[in-house]
Amino acid sequence: MKPTARMALGAILAALAVLGVGAATRAPWTATPMDLALLRLSWRAQSETTEECRPLTEEEKAELPVHMQVPEVCESRAVPYRLRVSIDGSEILADTVHGSGAREDRPIYVLRDIALSPGRHAIEIEFAPIRGRGRDGQREDEERDTEEASKEEDEEDEEAKAIPLAYAETIVVGNREVALVTYDPTRRALVRVVGP
Amino acid sequence: MKARLRTLRRAAWRPLAAADGALNRLYGWRFNPLYQSGALAVVLLVVVSATGLYLLLFYRIGAPWESVERITEQTWSGRWIRGLHRYASDAALVAVGIHALRMFAQGRSWGPRALAWISGAFLVGLVLLCGWTGYVMVWDVQGQTLAVAGARMLDALPLFGEPISRAFVGESPMPGQFFFLNLFLHIAIPVGMGVVLWVHVARLARPTLIPPRGVWLTAVLALLGLSLVWPVDMAPRADLLRLPGRVPLDLFFAIWLPFVEALPGWAGLGVLGALSALLLSIPLWTRPRGAERPLASTVDERLCTGCVQCSLDCPYEAITMVARADGRAELLARVDPARCVSCGICAGSCAPMGVGPPGRTGREQLAGFRGLLDQAPPIRGEVVVLACDRGLGDPSARWDPGGARMRPVPCSGNIHSSIVEQWLRAGAAGVLVLACPPRDCWNREGPIWARERLFHDREAELHRRVDKGRVRLGYASRSDASVGNEELARFHAELAALERKEPFADVEPIRECDPVLEMIE
Numbered sequence: 001m002k003p004t005a006r007m008a009l010g011a012i013l014a015a016l017a018v019l020g021v022g023a024a025t026r027a028p029w030t031a032t033p034m035d036l037a038l039l040r041l042s043w044r045a046q047s048e049t050t051e052e053c054r055p056l057t058e059e060e061k062a063e064l065p066v067h068m069q070v071p072e073v074c075e076s077r078a079v080p081y082r083l084r085v086s087i088d089g090s091e092i093l094a095d096t097v098h099g100s101g102a103r104e105d106r107p108i109y110v111l112r113d114i115a116l117s118p119g120r121h122a123i124e125i126e127f128a129p130i131r132g133r134g135r136d137g138q139r140e141d142e143e144r145d146t147e148e149a150s151k152e153e154d155e156e157d158e159e160a161k162a163i164p165l166a167y168a169e170t171i172v173v174g175n176r177e178v179a180l181v182t183y184d185p186t187r188r189a190l191v192r193v194v195g196p
Numbered sequence: 001m002k003a004r005l006r007t008l009r010r011a012a013w014r015p016l017a018a019a020d021g022a023l024n025r026l027y028g029w030r031f032n033p034l035y036q037s038g039a040l041a042v043v044l045l046v047v048v049s050a051t052g053l054y055l056l057l058f059y060r061i062g063a064p065w066e067s068v069e070r071i072t073e074q075t076w077s078g079r080w081i082r083g084l085h086r087y088a089s090d091a092a093l094v095a096v097g098i099h100a101l102r103m104f105a106q107g108r109s110w111g112p113r114a115l116a117w118i119s120g121a122f123l124v125g126l127v128l129l130c131g132w133t134g135y136v137m138v139w140d141v142q143g144q145t146l147a148v149a150g151a152r153m154l155d156a157l158p159l160f161g162e163p164i165s166r167a168f169v170g171e172s173p174m175p176g177q178f179f180f181l182n183l184f185l186h187i188a189i190p191v192g193m194g195v196v197l198w199v200h201v202a203r204l205a206r207p208t209l210i211p212p213r214g215v216w217l218t219a220v221l222a223l224l225g226l227s228l229v230w231p232v233d234m235a236p237r238a239d240l241l242r243l244p245g246r247v248p249l250d251l252f253f254a255i256w257l258p259f260v261e262a263l264p265g266w267a268g269l270g271v272l273g274a275l276s277a278l279l280l281s282i283p284l285w286t287r288p289r290g291a292e293r294p295l296a297s298t299v300d301e302r303l304c305t306g307c308v309q310c311s312l313d314c315p316y317e318a319i320t321m322v323a324r325a326d327g328r329a330e331l332l333a334r335v336d337p338a339r340c341v342s343c344g345i346c347a348g349s350c351a352p353m354g355v356g357p358p359g360r361t362g363r364e365q366l367a368g369f370r371g372l373l374d375q376a377p378p379i380r381g382e383v384v385v386l387a388c389d390r391g392l393g394d395p396s397a398r399w400d401p402g403g404a405r406m407r408p409v410p411c412s413g414n415i416h417s418s419i420v421e422q423w424l425r426a427g428a429a430g431v432l433v434l435a436c437p438p439r440d441c442w443n444r445e446g447p448i449w450a451r452e453r454l455f456h457d458r459e460a461e462l463h464r465r466v467d468k469g470r471v472r473l474g475y476a477s478r479s480d481a482s483v484g485n486e487e488l489a490r491f492h493a494e495l496a497a498l499e500r501k502e503p504f505a506d507v508e509p510i511r512e513c514d515p516v517l518e519m520i521e
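Chains as they are written, first to last, in the working numbering: chain A, 1 to 196; chain B, 1 to 521.
Honestly, the hints are just simulated from the structure, not real lab data.
Keep in mind that this is a model prediction, so the values were computed, not measured.
One or more hints might be untrue.
[Unchecked claim] Okay, the calculated beta carbon distance ranges per label pair:
#1 R82/A <-> L5/B: 52 to 60 Å
#2 A102/A <-> F184/B: 39 to 47 Å
#3 Q69/A <-> F184/B: 12 to 20 Å
#4 K2/B <-> A23/A: 37 to 45 Å
#5 M1/A <-> S276/B: 28 to 36 Å
#6 T4/A <-> D300/B: 51 to 59 Å
#7 A23/A <-> A11/B: 43 to 51 Å
#8 G270/B <-> E58/A: 39 to 47 Å
#9 R82/A <-> L159/B: 43 to 51 Å
#10 P118/A <-> L5/B: 46 to 54 Å
#11 L159/B <-> S117/A: 29 to 37 Å
#12 A23/A <-> F455/B: 40 to 48 Å
#13 A11/B <-> D113/A: 38 to 46 Å
[What the hints assert, rightly or not] Some chain B residues well away from chain A (every beta-carbon gap over 10 Å; in silico):
#14 W76
#15 V247
#16 E330
#17 A367
All residues carry an ideal CB built from backbone N, CA and C; glycine is no exception.
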């Protein structure tokens, strides 16, 4: 190959390489199809906690250092919530939401994305505490006393009480629009947030 | 497993070798960018840092998208600087990818090179992370998609009390603290990369961090030209209450995004984790086992004169000079097996032939040569080609040197100059050493030291009594059969032009190698 032809070919190859970089840095990608919208549920609920206490057995006490041999040990847990979502009359989500943290005694966070078709939809959301129910939704009779004691404490502090929340509205969502339903602490209700 | 690894390596090596050969023909081996990929990545990251400093002056964490838009509107400066920042980042990632592929295909990923491999893998991770934060900084639809995908994956880790994804639901505008943290990471990560780069080259003597001027200048000017003629545009502003539609996806930094988007957060994180583990574990599963594992160089203490040449020539700083224990005044070379890659370059550097990997020391090369002479037909007027077995000396390269006698060698830097002399003494018309192109040497500096020893009196130099007109050093990669033919043709022409005289007709027959030969015999 002649040197000039080689130089020309080299220059063309270099140009193609940088053009390749330019093209690959802006490859078109449709992240979301046009006919999709989203119902997004996002809120934080400070649930009331139940505390379950039991005395330490003698064996357990023996395994502990003297200064840690308390008369009883207590385990607190946030009251779980039942989350139900119906769209246009059909229930599409029914879930139990537990408190965060390893011991489930931290606030409850709800974060769900539900795909919708763009248009008008009747949305119903229920978010209610499951009183006296354990993790698997089975009644735990032995917790009743604890629960009652907890209720008495809640009467003293109404703010801390787990309250049921509900949302029932007909909404209109556009293509690729996100309908965000969240908790408004001033109104103490679920509300839809509309963008600017 | 072993066979599968070999197949994998071959699969990686073949296209690379073919591309090397093609670019060698176009640009010559000196300016072949594929050979300079590691150093090119460093230069491009310097360009990214320099352009990033300018962009930093105008970036506002309170209005990220708007400030980047203002930068992009600066026709005379910001527009092309932003483009160069982006394109140089992408090109750096390409260069890093080629560099890693070459190291893997050449089997330079295990043992003493494991530190370089692992630190290199961390560098890749840091480059990707830095690119991630860079895109989020712009806060356009791609930045939004990346931020949300990242948050989803982080939420899969049981580390955070509140899901990070809740920050991106659109309930309120993104706080300035988020962009501050992002900016901090975008600046801190490159600083960390500097430290990791230092570790990356810590085991190399004379690391090459800057490619030839022609290569880096061409690369930077080409990317600058691209940023002028095809500037980076603004994508739509991020809106958390709208799902991103058409997103301009950067295939270098975000090629994983469409796959991860289709998976739950934990699965995306798992896939990325598995890929990272695979990359980091390469030194483990590419390590040759048992007899296949090359042995580290050893030093014959009786022969070591303490000249320090092997220590100077070692490309991996594996040889140090220590005081002797036997009362002799001179120093003694000591090889650190943890650093020695068994390249054999020290064998070529040692005049008394006292150092080298087992089986490849100067003495053993001489013994092999004499054995060969006993078996092979006598040489009269033939050209002998000593070709690197990673280049044209590789039997699978199927290069036919015509009437010349071909002799594969492990590395041109491993050849002791006495061997060249012995071939000529045995009657060869000339010796052509065909080395790999210097920047493609699997042992880093073999061809450089071969040239110095053959023609520039570097120890162990080719003796002055040898007619250097009968010795030639050429560079040809495995795919450069035509270059090998050209070198051979040129050498034949040079030899023909020489006077018809015996190579040693006018010198005293000083048998300097006799003591060594006697030892062998």
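Checked hints:
1. R82/A <-> L5/B: 52 to 60 Å: Since R82/A and L5/B have Cβ atoms about 54 Å apart, the given range 52 to 60 Å holds.
2. A102/A <-> F184/B: 39 to 47 Å: At 30 Å between Cβs, range violated.
3. Q69/A <-> F184/B: 12 to 20 Å: 48 Å, violated
4. K2/B <-> A23/A: 37 to 45 Å: With a Cβ separation near 40 Å, K2/B and A23/A satisfy 37 to 45 Å, so the hint holds.
5. M1/A <-> S276/B: 28 to 36 Å: 44 Å, violated
6. T4/A <-> D300/B: 51 to 59 Å: 55 Å, holds
7. A23/A <-> A11/B: 43 to 51 Å: Distance hint for A23/A, A11/B is violated at roughly 26 Å.
8. G270/B <-> E58/A: 39 to 47 Å: 45 Å Cβ-Cβ, so the 39 to 47 Å window holds.
9. R82/A <-> L159/B: 43 to 51 Å: 28 Å, violated
10. P118/A <-> L5/B: 46 to 54 Å: Between P118/A and L5/B, where Cβ atoms are some 52 Å apart, the hint holds.
11. L159/B <-> S117/A: 29 to 37 Å: At 36 Å between Cβs, range holds.
12. A23/A <-> F455/B: 40 to 48 Å: For F455/B against A23/A, whose Cβ atoms are near 46 Å apart, the range 40 to 48 Å holds.
13. A11/B <-> D113/A: 38 to 46 Å: 41 Å, holds
14. W76: 20 Å, holds
15. V247: Given a closest Cβ separation of 5 Å, the condition is violated.
16. E330: Non-interface label stands for E330/B: nearest chain A Cβ at 52 Å, farther than 10 Å.
17. A367: The claim holds: A367/B sits with its nearest Cβ about 45 Å from chain A, beyond 10 Å.
Hints 2, 3, 5, 7, 9 and 15 from the earlier list are contradicted by this structure; the remaining hints agree with it.
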